[in-house]
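2 protein chains.
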Amino acid sequence: MDFEIKYKDAMARVGKFETPHGTVTTPALMPVVHPGKQTLDVKKLGAEIVITNSYIIYKNEKLKKKALEEGVHSLIDFPGTIETDSGSFQLSVYGDIDITNEEVIKFQEAIGTDIGTSLDIPTAPYVKREEAESDLEVTIERAEEASKVRTDLLLNSVVQGSTFPDLREQCAKEIAKFDADIYPIGAVVPLMEMYRYADLVDAVIYSMRGLPENKPRHLMGAGHPMLFALATAMGCDLFDSAAYILYANKGRFMMPDGTLRLDDLVEMPCSCRVCTEHTVDELKQMEPEKRAKLIAEHNLHISFAEIRRIRQAIVDGELMKLVELRCRAHPFLLDGLRRLQEYQEDMEKLNPSSKKTAFFYTGYESLSRSEVSRHIKHLENLKPKNKNLVILPHTRKPYTKYVNREYIKKYTSKIPTYYSNNDMNTNYADSDVVVADVPFGIIPLGLDEFYPLAQNESPAIHDENSKKFLRELITKYADKYENVLIHRKVIDKFDLTGYALIENELELPEAKIDDFNRLKDIADYQFGTGAGNALFGDDPEKITIEKSKKTKKIRHVFEGDENIVNMRANDGFLILSDLGAVRLHEFLDAPTMRVVVSEDSEPFARKGKSVFNKFVLDCDENIRRNDEVLIVNKEDELLACGKSLLSSYEINDFMTGQAIKTRKIKKIDE
Amino acid sequence: MDFEIKYKDAMARVGKFETPHGTVTTPALMPVVHPGKQTLDVKKLGAEIVITNSYIIYKNEKLKKKALEEGVHSLIDFPGTIETDSGSFQLSVYGDIDITNEEVIKFQEAIGTDIGTSLDIPTAPYVKREEAESDLEVTIERAEEASKVRTDLLLNSVVQGSTFPDLREQCAKEIAKFDADIYPIGAVVPLMEMYRYADLVDAVIYSMRGLPENKPRHLMGAGHPMLFALATAMGCDLFDSAAYILYANKGRFMMPDGTLRLDDLVEMPCSCRVCTEHTVDELKQMEPEKRAKLIAEHNLHISFAEIRRIRQAIVDGELMKLVELRCRAHPFLLDGLRRLQEYQEDMEKLNPSSKKTAFFYTGYESLSRSEVSRHIKHLENLKPKNKNLVILPHTRKPYTKYVNREYIKKYTSKIPTYYSNNDMNTNYADSDVVVADVPFGIIPLGLDEFYPLAQNESPAIHDENSKKFLRELITKYADKYENVLIHRKVIDKFDLTGYALIENELELPEAKIDDFNRLKDIADYQFGTGAGNALFGDDPEKITIEKSKKTKKIRHVFEGDENIVNMRANDGFLILSDLGAVRLHEFLDAPTMRVVVSEDSEPFARKGKSVFNKFVLDCDENIRRNDEVLIVNKEDELLACGKSLLSSYEINDFMTGQAIKTRKIKKIDE
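Residue numbers (my numbering), protein chains in the order written: chain R, 9 to 678; chain A, 9 to 678.
What the hints contain is simulated information worked out from the structure, not anything from laboratory work.
Please note: incorrect hints may appear among the correct ones.
Pairs count within a copy or across copies, as identical chains cannot be separated in the list.
[Stated by the list, open to error] In silico EDC-like links for lysine to aspartate or glutamate, alpha-carbon gap of 16 Å or less:
1) K364 with D271
2) K622 with E12
3) K561 with D523
4) K550 with E567
5) K393 with D438
6) K364 with D272
7) K185 with E153
8) K51 with E285
9) K520 with D438
10) K476 with D503
11) K185 with E149
12) K14 with D324
13) K615 with D586
14) K651 with D586
15) K393 with E490
16) K675 with E594
17) K642 with D626
18) K185 with D661
Isolated chain R, as found in the complex (with noise of 0.2 Å):
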């Protein structure tokens, strides 16, 4: 089964796959359906894909027959793709069931299940470790048994290790090299009951480093929609929800912000239709089957449009805000959230480097999302152009618009005051000149208009996490010069100490940066230092900037009649050209920036055709979504450049879809 990824935003995807009866658009939910009793009509609530169980039909003489006669689509009557459980379920229950793996694999084949899943061992959270192990064992076994058996049957093969975070990724690594279809992962339902939600980040977490990125993930029994945002952006695509019916039937309202009962309700809690069609006495007094059906009605509603909201916020790239907002629902989700933040590395291996919109501090647990680790590792990459350093508090963006002499005695201070760490009689005329603000800690000043630099906003109260965090960033950075100079404000703001008070008036620099400069320390930031040097040379004046009439920002450079670089409107991102790409290739070694494709798609490279999944043979591991990309062949040749629209972790796991984004270098032969 092919999965192609739409949207990337954090580890989540917005994603496609087809199975026999259709479509399913990713993340989804699935309905937990029962074959003997379903009354609601999930097909119109919005279901593309539902789950229902091949034991209780396997075990029901009735339901067994009309399934093998007449398929399970008939028999649930939906028309959409059908997943079926195997059983598992009630053998974690009742601790035995009658039917083996490879049974249960051919009956969900024969009665027509779209994707069907093998008899693993659900191993409960907290066991001892042998016991873990050994279920692994027999997961891992069957999971093998289960491809082998099945001939079309879509396959799910389930991860398990209990709470072992190691035996997560390694029944995950084990179980990938099957090639099944989607990677349930199992087993995690009493730890959302117990609301242990920062033990569920670790197992999700560890589930993925060993999962493969082109296949669908599916977090079983989380039906709750406080929990999809989180587990989306851990890299899980589908949910299932017996929930809607089980919460209904107790007179409980789920919503994204947790659970309502009707006993305590004074009004009905959302837009949907049945809250705004009933009135909460009208239910109170409803025969309990009718008002059941209600309830679910509404529990699909909401559990629905959450599903819609985080793809929404998927493609706008703001999936971790949302998370952030929904987190909050229950203290111990927002252990959850918080855990997540030891994860930032498995976290920036798959989020894109570009977004469409700004950043959105929501609070101190902002400052873990990649955009900031991605940044501090930049930073930290970057080396002093002079001894001295000013720091200069923040103001309007872009910076070098507002950080000028007039601007910060207005609108900080009538009378400027500086603090040093040195109060000898230095001259900061000559100074590299940054801005310290929440949440990237230092722009230094060329930077100002390069995402996520100039794109983000933040509270102008700060918290103590964002003071702390601003002055472990800003002492780490000024370690690099010999003098630095910092403004009020800026010690005032972050509690800064060991800098002493200047007395004298200053000649400060005026905070200003020339075109030249500002490209080359974009360079600089964005391909590693000395990229600069190298595209665009010592020599401003042989070099042409071309610039909007309307926003008066750089669009094109040229040496000579020749294109080196363009810049992108909506993230300031340099976009290689013919001469770019060229000098890039020659000034960074192999593997940087590089894709290595294949021989047989050289010739569609050079032409400047996208270059597929299939024929990447090798790719520079730092490469993200939006990321600007070299093109080569096995020899290090140079063929074309591009835009990669996936993370290389994906592009080594996809067989299918578009990997690049090409343009074609007019000097290069086709």
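Since the structure of chain R is provided, determine the placement of chain A on it from the hints.
Chain A alone, transformed into the frame defined by chain R:
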């Protein structure tokens, strides 16, 4: 017009008021209805009250004629309550209008408006002080004139004062003298348009300081659901929305966490009829007018749902949680929330002392809720009973059940390690024992079942603000003691310094508390230091404690056969019985806990009949909703006891409705 408060949370109220055209439940959203071109049936979508513009009607001959002949209800085809604006908005836009204050009041009365508005001067934010002051004079004059001109018309009187908080307060106090029915807070739209939410919080809170509690307040021009929760928490009861249609005309979908543009949408964002019955593509291809109408319908659905959600949160006592969630929609709204932290005293004055639901920590902003600041005040008043203090780490709740030697050994460390302020060989067997935990800092063991010290949850991973908060609180509390012993886990979790590791084994106190001392601790905490002794004396032998068989919690406390107090199961509050009331009345000097009633109502109070606001002459300003009170006459003779249904500030302002749910004291003559 009578306004009745049904439920309270923070400064927010769920209330009701009556107009000639029906009952309005607050918080309420008043859709703005254009008198000439309304197409949406807002009544059907949930509106009990709408707002329309009397000046537009006045200026249009056709509308004017119809309104005067048939009334405004017929003109705009809305049978419920109608509020009309006066033309102030037109005045603020065009600088001049051709109607006087007196004329517009008379006109509104003539067309049968339920609630009319005087012609106030909307002063823009950030103007010069002189301008704000001179505008204010006119506004106040016209408010007075309007109150004289109107006969039956219910009257709005608008608070102005630009962004000068003291002028807002002054204006509110002045206009409150003329006894209007509703108090709008005006000219805040520019603040909202500029996302200056911190300044908006200042303007609103200062206005509230001048306004009476017994009238609804309307935040004029606030139509975005993102803002409703915060505004409600500050005491706003009414919102108006022209935004639902203005946004719709531009293809904008309102959501409680921001705005989405149709152009950017790939999925319909909510669970409403419009979002579930239409696709994005359908809407994009639709004829603009039809599309706008559908998006307007979505905007109203989502706005009314948010209003209902807020009412529910007030009833449940978890509005601040909702506010803290919603304010993360935009960093500048978060700034508003963080500004609100400065107004903890204003919030505390109106916040109930006990609530139905647990305190859920959503971020460090939760540390500024009234529950926390109130606890800190209580802590400051508690007197040490020993010279030694032992601080233990939090465990599961209730702490007395879990904070024992075995549990601490098992869950916090194999070998417990302690730190001390003091390297002497102190014997800690006689110590005051407290638990250190977020968000309440220090919890003396005896209070571990008292609301909200038992009814709260916070994440296990702490932010820096929480750590700092705990450090400061522990340091301050420890100052009361000679010897302080702190468990290693507390030191580690909150980065405490200044305590030295103790090497030798320690004789620790069993972290238990007997029922008699628990009762006394609770009484001291709830009613003030010494109350425990006053109520229960020194001799445990004299006191009989009855416990619940099921929960093992204290239920009834007697001396001989006389009931002193009972303990409320849900919040652990002591409820005064005959003997308790008499003893507290004797122990506590007036005005503490007193509600002084008029002579007329004395016989009713003695009989145990509810005390109505109009009969209250005076009351202790520290009384909060759900607090125990002593009902006395002017001579401070005890008449009865009871539970306050309002805060002292509300009791003082209200002339209708119940103030106290009274309990008769048997030994007091009727």
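Hints and how they fare:
Taking CA atoms no more than 16 Å apart as the test, K364 paired with D271 passes between copies only; the shortest distance there is 13 Å, against 43 Å inside one copy. In this assembly of identical chains, K622 and E12 lie within 16 Å of each other by CA distance solely inside one copy; the values are 13 Å within and 70 Å between copies. In the homo-oligomer, the alpha carbons of K561 and D523 lie at most 16 Å apart inside one protomer (9 Å), although the nearest pairing across protomers, at 74 Å, exceeds that limit. Taking the closest pair of Cα atoms, K550 and E567 come within 16 Å of each other only inside a single copy of the chain (6 Å); across copies the shortest separation is 99 Å, beyond that limit.
Proximity of K393 and D438 under a CA criterion of 16 Å is satisfied intra-copy only: 10 Å inside one chain copy versus 65 Å between copies. Taking the shortest Cα distances, K364 and D272 sit within 16 Å of each other only across copies (10 Å), while inside one copy they are farther apart (41 Å). In this assembly of identical chains, K185 and E153 lie within 16 Å of each other by CA distance solely inside one copy; the values are 12 Å within and 84 Å between copies. Only between protomers do K51 and E285 lie at most 16 Å apart by alpha-carbon distance; the minimum there is 13 Å, versus 21 Å within a single protomer.
Taking the shortest alpha-carbon separations for K520 and D438, only the intra-copy value of 12 Å comes in at or below 16 Å, while the best inter-copy value is 67 Å. For the homomeric pair K476 and D503, the shortest alpha-carbon distances inside one copy (8 Å) and between copies (14 Å) are both at most 16 Å. In this assembly of identical chains, the alpha carbons of K185 and E149 lie at most 16 Å apart only when taken from the same copy (12 Å versus 82 Å across copies). Proximity of K14 and D324 under a CA criterion of 16 Å is satisfied intra-copy only: 12 Å inside one chain copy versus 42 Å between copies.
Proximity of K615 and D586 under a CA criterion of 16 Å is satisfied intra-copy only: 13 Å inside one chain copy versus 95 Å between copies. Taking identical chains as interchangeable, the C-alpha atoms of K651 and D586 lie at most 16 Å apart only when both belong to the same chain, with a minimum of 14 Å there against 81 Å between chains. For the identical chains of this complex, K393 and E490 are intra-copy neighbours only, at 12 Å inside a copy versus 57 Å across copies, given an alpha-carbon limit of 16 Å. In this assembly of identical chains, the alpha carbons of K675 and E594 lie at most 16 Å apart only when taken from the same copy (15 Å versus 100 Å across copies).
In this assembly of identical chains, K642 and D626 lie within 16 Å of each other by CA distance solely inside one copy; the values are 9 Å within and 90 Å between copies. Within a single copy, K185 and D661 get their C-alpha atoms as close as 12 Å, which meets the 16 Å cut-off; across copies the closest is 74 Å, which misses it.
Hint compliance for this structure: every hint is met.
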